[in-house]
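With positions in the sequence shown counted from 1, the corresponding number in this note's numbering is that position plus 185.
Fair warning: there could be bad hints in the mix.
Claimed, not checked - Cross-link-like lysine-lysine pairs, in silico, DSBU-like; alpha carbons within 30 Å at most:
{"id": "1", "residue 1": "K328", "residue 2": "K258"}
{"id": "2", "residue 1": "K330", "residue 2": "K215"}
{"id": "3", "residue 1": "K330", "residue 2": "K252"}
{"id": "4", "residue 1": "K251", "residue 2": "K193"}
{"id": "5", "residue 1": "K258", "residue 2": "K325"}
{"id": "6", "residue 1": "K249", "residue 2": "K325"}
{"id": "7", "residue 1": "K215", "residue 2": "K252"}
{"id": "8", "residue 1": "K328", "residue 2": "K251"}
{"id": "9", "residue 1": "K258", "residue 2": "K193"}
{"id": "10", "residue 1": "K215", "residue 2": "K325"}
{"id": "11", "residue 1": "K328", "residue 2": "K193"}
{"id": "12", "residue 1": "K193", "residue 2": "K330"}
{"id": "13", "residue 1": "K328", "residue 2": "K257"}
{"id": "14", "residue 1": "K215", "residue 2": "K328"}
{"id": "15", "residue 1": "K330", "residue 2": "K257"}
{"id": "16", "residue 1": "K258", "residue 2": "K330"}
{"id": "17", "residue 1": "K252", "residue 2": "K328"}
{"id": "18", "residue 1": "K215", "residue 2": "K258"}
{"id": "19", "residue 1": "K330", "residue 2": "K249"}
{"id": "20", "residue 1": "K193", "residue 2": "K249"}
{"id": "21", "residue 1": "K257", "residue 2": "K215"}
{"id": "22", "residue 1": "K328", "residue 2": "K249"}
{"id": "23", "residue 1": "K193", "residue 2": "K325"}
Bear in mind the hints are in silico, worked out from the structure with no lab data behind them. Since we're looking at a predicted model, the values are computed, not measured.
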Amino acid sequence: MEKTYNLKPVIIAVSIIIPVVVAVLYLMPKEAFATDTFAFLPRVNATLNSIATILLIAAGWAVKVKKFELHKKLMLSAVGVSVLFLLSYVTYHATSESTVFGGEGVIRVVYLFILLTHIVLAIAIVPLVLITLSRALSQKFDKHKRIARWTLPLWLYVTITGVIVYFMIAPYY
């Protein structure tokens, strides 16, 4: 007999906790960490997002050519890289002041649009990834496939715009 677990409470909890923790990190004072110890992390974060992007594209290709075991390995790797990204992101924002974008005019509007859509979709992608992953791991492939059609492009958007935001704000670090 196959055991099934109700992951819904965990998915809901994680999907709420992550954005709340990130919001608190932005609001909390950083005086206790008046060093540049973690100044390298934005570059690490952009690198991790780039790796996640490559893994997601490769995983999308793997499923299209019906290499399901490769798809699974690539997607689990993308999840792992994204977890590393989240840990690095939280570490940086727990210890460093936010950097303000210094561009003006049209470029500022473009930056703010990309940043806003990135933030909104980054919040939305957490439950989507967790639901998609849980459906795959529980072998509910019809349900997995239905939600994955939304999850993959949105997750790609988040990883790609994360890198774009980094390059746009990097001169102001």
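Holds or violated: K215 with K258, Cα cutoff 30 Å?
Violated, at about 38 Å.
Run the distance test for K258 versus K325: straight-line Cα separation, threshold 30 Å.
This hinted pair holds, its Cα atoms lying about 17 Å apart.
Can the restraint linking K193 and K330 be considered satisfied, given a maximum Cα separation of 30 Å?
It holds: about 18 Å lies between the C-alpha atoms, which stays within 30 Å.
Between K215 and K252, is the straight-line Cα distance small enough, at 30 Å or below?
47 Å, violated
Hey, K252 versus K328, does the alpha-carbon distance stay inside 30 Å?
19 Å, holds
For K330 and K215, compute the direct alpha-carbon distance and say whether it is at most 30 Å.
43 Å, violated
Take a quick look at whether K193 and K249 sit within 30 Å of each other, Cα to Cα.
OK: K193 and K249 at ~28 Å, within 30 Å.
Assess, step by step, whether the Cα of K328 is no farther than 30 Å from the Cα of K251, and give holds or violated.
This hinted pair holds, its Cα atoms lying about 17 Å apart.
Holds or violated: K215 to K325, with C-alpha atoms at most 30 Å apart
This hinted pair is violated, its Cα atoms lying about 45 Å apart.
Decide if the proposed pair is consistent with the structure: K328 and K249, CA atoms, cutoff 30 Å inclusive.
17 Å, holds
Hint consistency between K330 and K252 [alpha-carbon to alpha-carbon, up to 30 Å]:
15 Å, holds
Keeping to a limit of 30 Å between CA atoms, is the pair of K330 and K249 held or broken?
12 Å, holds
When each numbered hint is compared with the structure, violations occur for hints 2, 7, 10, 14, 18 and 21.
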